[in-house]
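Chain order of the listed sequences is A and B.
Note that this note's numbering has the first sequence beginning at 8, numbered continuously upward.
Note that this note's numbering has the second sequence beginning at 8, numbered continuously upward.
Keep in mind that a hint or two might mislead.
One copy or two, it doesn't matter: identical chains are merged, so the pair holds either way.
Said to hold, decoys possible - 25 Å max Cα-Cα, derived SDA-like pairs, lysine to any residue:
hint	residue 1	residue 2
1	166	314
2	166	312
3	166	55
4	100	192
5	100	300
6	166	229
7	100	146
8	100	88
9	166	273
It should be emphasised that the hints constitute simulated quantities derived from the structure, not laboratory data.
Number of protein chains: 2
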Amino acid sequence: MNAIEGSCWPLDRMSAQRRDAAFLGALREAASTRFLLLVGDRFAIVSNEARDFARLRLLSRAQLRGFALDARDALFLGCNPQSGTGLFALALKEHEVDEPLAGLLQPLVDLRSIAARGAMPADEVAAASTAKSLAAWHQTVRCCGRCGAATRSEEGGWKRTCRACGQPAFPRLDPVAIMLVHDGERCVLAREPRFPERMYSTIAGFIEPGEDLEQAVRRETREEIGLDVARVTYLATQPWPFPHSFMIGCLAEAVAAPLALDPLEIDDARWFARSEVALMLRGDHPEGLWLPGRHAIAHTLVRHWAESRD
Amino acid sequence: MNAIEGSCWPLDRMSAQRRDAAFLGALREAASTRFLLLVGDRFAIVSNEARDFARLRLLSRAQLRGFALDARDALFLGCNPQSGTGLFALALKEHEVDEPLAGLLQPLVDLRSIAARGAMPADEVAAASTAKSLAAWHQTVRCCGRCGAATRSEEGGWKRTCRACGQPAFPRLDPVAIMLVHDGERCVLAREPRFPERMYSTIAGFIEPGEDLEQAVRRETREEIGLDVARVTYLATQPWPFPHSFMIGCLAEAVAAPLALDPLEIDDARWFARSEVALMLRGDHPEGLWLPGRHAIAHTLVRHWAESRD
């Protein structure tokens, strides 16, 4: 690989420059510009054997040309304000990666694993998250929702416009309420059907048109586990690019009562004492029950509650 | 109008029943079921002369039939859990409303005016907000974004599915960061080009893929008014169906500095002392400057700050 002339980290999104086609065109061809590669839903990374070090694998325009890769639809992620080095993401399908390129792009790792391992700098995880969200959205707006004609990517991938009727479309983010339901002394953790064995987590659901965060938390908690929520306290947010969610994390204080589970959404849910949650956080639970890792806002919510007195 | 047998307020969204086509079909035909009407982007309401009383105008299935209105694509808003009375929204285009129907549907009022006047019960404003958000979304997904074929409405309007490839689409909500930028003693209020004369408000912007709330607040504040934000404090959320935004309201503490305005987004922005903001809230500003009304989260943010000491 070529030496990297200037680092693109930290990255400024430079959203005002997205509409400047001449700027973006020149930046895309610049020798210092770098491209991260998303193949299907996995990223090309550089990692050591112990896997306690991971960086995004960044390619130059010359390298892309060597593999006859078309960078015109690369997604503009931003520039480093000091060095001016630009960063784009190139999203490829598995079948577009031939043998020699596949060799260069080893290993390919999915973002959930990258985030769970915690070995990649936060700036790079955020850039990968942006790229994954944007790339997933592009797949769902190849045609115009109004007239059905083909759309084209514009503004470095931050807009698509219908070639026939001109209707614009912008990247989608789905707000989700995610809440740790508790009664002060105990909290409710649940298993969705798709979870790995013995993992429990907080409940969550998409916020709907016409409701605010508190109303969504109350509705979802009643629907999924049958409890009425008294007080809702906001804690934090997190982008979650699976495929393009925006998680809004809360504590939801409920009146203790038997749980009534929605069988479609919830496999199992239980009240857990604070001491039992502490064992899960330490990985010492006697039944081997465990929680999502530090990369997930569910972990932040559970840890915040477990380490506080209400 | 027919007498209303049972009120639909308060409304339970009954989201688990949306997939039950037999339930929805029977409810749609029930004599007690009511329909609110959205014509273009205005709602049929009942109001008194003083306009300090406003309710949604609700029609029965029999009334719809009398005007040969097709209720198959009516949007399911929920039921009252006690009476079982169902509520749907019917979205019509202006040209679909003939003379006799237009007479019945007087007055037609846009939701911004309804909300600003503050004369309609909160339950009904929320139902109208849900209907407006959903109806706007349906207009943008008439065709499949993946293959371009026609889609059909399902689950009472909470899903659309491609008739050709089966790709599903779900209602869209765009998370927006809206922030009162302040330095403790003064706050920044701004005018966007589309604002009514002499109105100032907080700044706001769409949250982007890959960033959390704090990052979005910092980026938008830097882009729109050129200030760096230190501390971000969450305050409240609000659905805002113009067309389908989800506002997340914050206080953003910035270091006082000259403002650098984005000329595309901001017409004017100024630092305002707390005492001057108090005059604006009372409607007594010497230059006639004013703020959005109590229905808007911008008002909540400004009032919260103006009435607190930091």
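Do the hints match the structure? See the list:
no.: 1; hint: 166 with 314; in the structure: neither (43 Å within a copy, 41 Å between copies)
no.: 2; hint: 166 with 312; in the structure: neither (40 Å within a copy, 36 Å between copies)
no.: 3; hint: 166 with 55; in the structure: neither (37 Å within a copy, 45 Å between copies)
no.: 4; hint: 100 with 192; in the structure: neither (49 Å within a copy, 54 Å between copies)
no.: 5; hint: 100 with 300; in the structure: neither (29 Å within a copy, 50 Å between copies)
no.: 6; hint: 166 with 229; in the structure: between (38 Å within a copy, 22 Å between copies)
no.: 7; hint: 100 with 146; in the structure: within (11 Å within a copy, 31 Å between copies)
no.: 8; hint: 100 with 88; in the structure: neither (31 Å within a copy, 49 Å between copies)
no.: 9; hint: 166 with 273; in the structure: between (37 Å within a copy, 21 Å between copies)
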